[in-house]
Amino acid sequence: MGAFSINYLVRRLLVFFLTLWVAATLIFIIPRLAPGDPISAMVARLSQQAGFVENADKIIEGWKERFGLNDPVYVQYLRFMTGLLGGDLGYSMARFPSTVTELVGRALPWTIGLVGIATFIFFTVGNLCGALLAWNRTPRMVKVLIPMSMIFTSIPPLLAGLLLSYIFAFLLKWFPQTYSYGFGVQPGLTLDFIANVIHHGTLPAMAIVLVTFGYWALGMRGMMVTIEGEDYMILAQAKGLKPFYVLYRYMIRNAILPQMTALAVSIGTLVNGVVLVEVIFNYNGMGTLIVTALREQDFGLIQGTSFILIVTSAFAVLIIDLCYPLIDPRISLEGR
Amino acid sequence: MAEDTKVKDAPVAGGTKKAGTLNRFDNPWLNWKFLTGAGILGFLFFLIFLGYQLWDTNLALSARAPLNLPPLGFTNWRDQEGVPEHPLGTENSGRDMLALWIVGTPRTIFVGVVAATVGMLAGILLGFMAGFLGGLFDDVIRLAVDITITIPSLLVLIVIQAVLGRVDLLTMALLISLFSWATPTRFIRAQVLSMRESGYVQMARLSGVPVRDIMFKEIMPNLLPYLGASYIGNMQGAIISAVGLEVLGFGPQRIPSLGVAIFFSIEAGALFRNMWWWWGIPTVTLSVVFVALLLINLGLDEIANPRLRKAS
Numbered sequence: 004m005g006a007f008s009i010n011y012l013v014r015r016l017l018v019f020f021l022t023l024w025v026a027a028t029l030i031f032i033i034p035r036l037a038p039g040d041p042i043s044a045m046v047a048r049l050s051q052q053a054g055f056v057e058n059a060d061k062i063i064e065g066w067k068e069r070f071g072l073n074d075p076v077y078v079q080y081l082r083f084m085t086g087l088l089g090g091d092l093g094y095s096m097a098r099f100p101s102t103v104t105e106l107v108g109r110a111l112p113w114t115i116g117l118v119g120i121a122t123f124i125f126f127t128v129g130n131l132c133g134a135l136l137a138w139n140r141t142p143r144m145v146k147v148l149i150p151m152s153m154i155f156t157s158i159p160p161l162l163a164g165l166l167l168s169y170i171f172a173f174l175l176k177w178f179p180q181t182y183s184y185g186f187g188v189q190p191g192l193t194l195d196f197i198a199n200v201i202h203h204g205t206l207p208a209m210a211i212v213l214v215t216f217g218y219w220a221l222g223m224r225g226m227m228v229t230i231e232g233e234d235y236m237i238l239a240q241a242k243g244l245k246p247f248y249v250l251y252r253y254m255i256r257n258a259i260l261p262q263m264t265a266l267a268v269s270i271g272t273l274v275n276g277v278v279l280v281e282v283i284f285n286y287n288g289m290g291t292l293i294v295t296a297l298r299e300q301d302f303g304l305i306q307g308t309s310f311i312l313i314v315t316s317a318f319a320v321l322i323i324d325l326c327y328p329l330i331d332p333r334i335s336l337e338g339r
Numbered sequence: 024m025a026e027d028t029k030v031k032d033a034p035v036a037g038g039t040k041k042a043g044t045l046n047r048f049d050n051p052w053l054n055w056k057f058l059t060g061a062g063i064l065g066f067l068f069f070l071i072f073l074g075y076q077l078w079d080t081n082l083a084l085s086a087r088a089p090l091n092l093p094p095l096g097f098t099n100w101r102d103q104e105g106v107p108e109h110p111l112g113t114e115n116s117g118r119d120m121l122a123l124w125i126v127g128t129p130r131t132i133f134v135g136v137v138a139a140t141v142g143m144l145a146g147i148l149l150g151f152m153a154g155f156l157g158g159l160f161d162d163v164i165r166l167a168v169d170i171t172i173t174i175p176s177l178l179v180l181i182v183i184q185a186v187l188g189r190v191d192l193l194t195m196a197l198l199i200s201l202f203s204w205a206t207p208t209r210f211i212r213a214q215v216l217s218m219r220e221s222g223y224v225q226m227a228r229l230s231g232v233p234v235r236d237i238m239f240k241e242i243m244p245n246l247l248p249y250l251g252a253s254y255i256g257n258m259q260g261a262i263i264s265a266v267g268l269e270v271l272g273f274g275p276q277r278i279p280s281l282g283v284a285i286f287f288s289i290e291a292g293a294l295f296r297n298m299w300w301w302w303g304i305p306t307v308t309l310s311v312v313f314v315a316l317l318l319i320n321l322g323l324d325e326i327a328n329p330r331l332r333k334a335s
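Protein chains in written order, with the numbering used here: chain A, 4 to 339; chain B, 24 to 335.
To be clear, the hints were calculated from the coordinates, so they are not data collected in a lab.
Heads up, some of the hints might be wrong.
The following label-pair restraints were derived from C-beta to C-beta distances [as the list claims (entries may be wrong)]:
#1 Leu21(A) with Thr98(B): 54 to 62 angstroms
#2 Gly89(A) with Gly231(B): 56 to 64 angstroms
#3 Val13(A) with Gly231(B): 35 to 43 angstroms
#4 Asn139(A) with Asn297(B): 27 to 35 angstroms
#5 Glu290(B) with Leu174(A): 17 to 25 angstroms
#6 Phe97(B) with His202(A): 27 to 35 angstroms
#7 Leu197(B) with Phe247(A): 46 to 54 angstroms
#8 Arg277(B) with Asp74(A): 23 to 31 angstroms
#9 Asn297(B) with Val13(A): 54 to 62 angstroms
#10 Arg189(B) with Ile170(A): 27 to 35 angstroms
Sample of chain A residues lacking proximity to chain B, with all beta carbon distances greater than 10 angstroms (derived) [to be verified]:
#11 Pro75
#12 Thr85
#13 Thr272
To give a feel for the contact side, a few chain A residues facing chain B, derived at Cβ under 8 angstroms [stated by the list, open to error]:
#14 Val25
#15 Leu165
#16 Val320
#17 Ile322
This one's a predicted model, so the numbers in the text were calculated from it and none came from an experiment.
Quick reminder that beta carbons are idealized off the backbone N, C-alpha and C, glycines included.
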């Protein structure tokens with residue numbers, strides 16, 4: 004393992020920080036692009052629902068003052084950005100004493116856990132299936148079974164979640180329908196709790212894995228087929244290397260590289276899917292938090308949750324990118 | 024060993040075929056995946072067309088039918104039986120599911136087509152320019168693509184829609200296309216980069232063909248199947264985003280699309296009340312659309328890439 008190429012490192016970090024900056028700026032600008040200001044818009048929406056809001060003008064003025072909306076835009080922007088740097092996402096409007104950071108802090112670990120485990124499963128299973136599909140020593144049975152299991156590929160996780168929830172939670176009652184752990188269980192590092200969490204997390208994770216692993220299998224197959232035609236494969240066979248050794252060292256090790264790049268690219272899509280799956284299963288992660296915030300018209304919470312999820316995704320991409328040179332020594336030499 | 028014979032066989036088998044059959048069976052467009060996918064979509068559109076002719080689509084509006092009826096041949100939890108007037112059942116604000124299906128399915132696909140087309144056109148333009156011009160322009164485009172792909176689009180769309188409230192489908196499609204340009208751009212740029220050094224492009228360059236003509240008359244035709252696959256993939260992504268936003272409650276509510284129907288059903292707890300037809304019909308329809316799009320995508324991939332064809 005050589006050292007990281009400075010160019011590679013700098014570029015990755017640049018993308019990471021630019022992503023954060025763009026996301027923060029978008030989240031700052033979007034509410035201000037709408038006609039009127041966010042506070043009036045919120046009060047207007049409230050009065051639409053309630054018919055009439057007493058002292059609407061005073062409320063609007065008070066909140067404007069409170070949020071500093073009467074200052075020039077660049078002052079607001081600077082204050083917003085320095086707030087973000089200090090981890091201050093403001094208050095939740097609907098559950099006032101709670102700060103957004105608090106609420107997000109409670110929800111984020113669940114989402115990261117769900118995405119992490121699901122990603123690990125579909126990446127492993129998908130690549131393995133793809134490798135087996137292309138390998139010429141794979142039993143015929145397996146080559147027929149794998150494509151059949153890929154029938155759900157490309158369906159959005161949300162829809163798979165609905166189907167799974169109906170079949171396995173409602174009809175068969177094998178798994179619970181909602182939440183990340185049972186209400187009777189005390190959270191803590193006990194075996195009971197962990198088993199309970201796994202029991203609750205199985206369906207949401209399955210909803211993601213079931214529709215995703217086929218993509219990775221297809222990508223892996225394509226890569227493997229390309230590699231099979233390479234000269235070094237013929238040499239490896241001529242040397243009389245063991246088939247499994249050739250499969251792992253010569254084929255999978257090479258084919259997995261583009262798959263890692265693809266994983267980094269697909270994180271955004273993955274998070275989109277997870278947010279919606281959480282909504283279906285009422286899983287107490289970030290997705291459900293956003294929906295609750297939407298329902299309560301809690302704009303600060305919507306902004307904060309979205310921003311933190313974007314930061315988390317960008318961070319995941321950064322980690323994958325930084326791990327890439329570990330599995331592909333060429334990167335550190337070429338310095339692209 | 025087995026692999027060796029396979030590699031050798033393939034060209035021989037193609038070459039020794041009788042001249043008459045060679046043309047017919049070696050046509051790459053006669054790809055079963057592509058044809059099946061296209062067939063499914065075609066059949067779906069035919070059904071929708073029939074539905075518009077034969078069924079009263081006004082029934083998709085609320086309060087036009089009795090509430091919560093199951094499809095024909097089933098009973099609901101109140102022991103009501105399905106009636107022939109509403110063969111696919113009704114939901115809890117009195118919309119006929121069949122009419123909703125007829126109206127909602129094309130609306131959902133419409134969002135995908137618009138967003139994918141806008142994204143694709145932008146992708147072709149930016150991808151070709153970045154790949155061909157290089158330099159600072161390329162750097163900026165690459166950076167923008169990397170950032171856009173990293174950001175989960177749904178989250179930004181949620182923030183936008185939380186400000187705008189409910190929007191019509193065209194606006195929703197255009198909002199989605201704010202993000203659907205990045206993947207095609209990235210892909211096309213990579214393809215153009217690899218094509219740029221190939222012999223025929225060099226030749227064209229030496230002959231003094233203008234850059235614009237090299238891009239769109241020399242390289243583009245070679246990329247068409249790839250572009251097709253990319254377009255279909257883009258459409259899948261756009262429909263997923265649209266359905267996602269609709270399920271969160273951002274879709275048009277008066278005349279629902281399939282995602283909006285799912286939103287209503289989740290809000291009303293249809294999963295717990297065993298009203299499977301309510302969320303099930305949209306879910307299954309969308310799933311069929313996605314599988315069809317995937318088949319077309321895979322087929323186009325095989326059409327474009329002979330190596331994949333050989334493997335299957």
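Results of checking the hints against the structure:
1. Leu21(A) with Thr98(B): 54 to 62 angstroms: 58 angstroms, holds
2. Gly89(A) with Gly231(B): 56 to 64 angstroms: 59 angstroms, holds
3. Val13(A) with Gly231(B): 35 to 43 angstroms: Distance hint for Val13(A), Gly231(B) holds at roughly 39 angstroms.
4. Asn139(A) with Asn297(B): 27 to 35 angstroms: About 48 angstroms separates the Cβ atoms of Asn139(A) and Asn297(B), which means 27 to 35 angstroms is violated.
5. Glu290(B) with Leu174(A): 17 to 25 angstroms: Holds, at about 21 angstroms.
6. Phe97(B) with His202(A): 27 to 35 angstroms: 31 angstroms, holds
7. Leu197(B) with Phe247(A): 46 to 54 angstroms: At 52 angstroms between Cβs, range holds.
8. Arg277(B) with Asp74(A): 23 to 31 angstroms: 40 angstroms, violated
9. Asn297(B) with Val13(A): 54 to 62 angstroms: Holds, at about 57 angstroms.
10. Arg189(B) with Ile170(A): 27 to 35 angstroms: 32 angstroms, holds
11. Pro75: 21 angstroms, holds
12. Thr85: 21 angstroms, holds
13. Thr272: 7 angstroms, violated
14. Val25: 5 angstroms, holds
15. Leu165: With a minimum Cβ separation of about 5 angstroms from chain B (threshold 8 angstroms), the hint on Leu165(A) holds.
16. Val320: 5 angstroms, holds
17. Ile322: Violated, about 12 angstroms.
Checked against the numbered hints given earlier, this structure breaks hints 4, 8, 13, 17; the rest are met.
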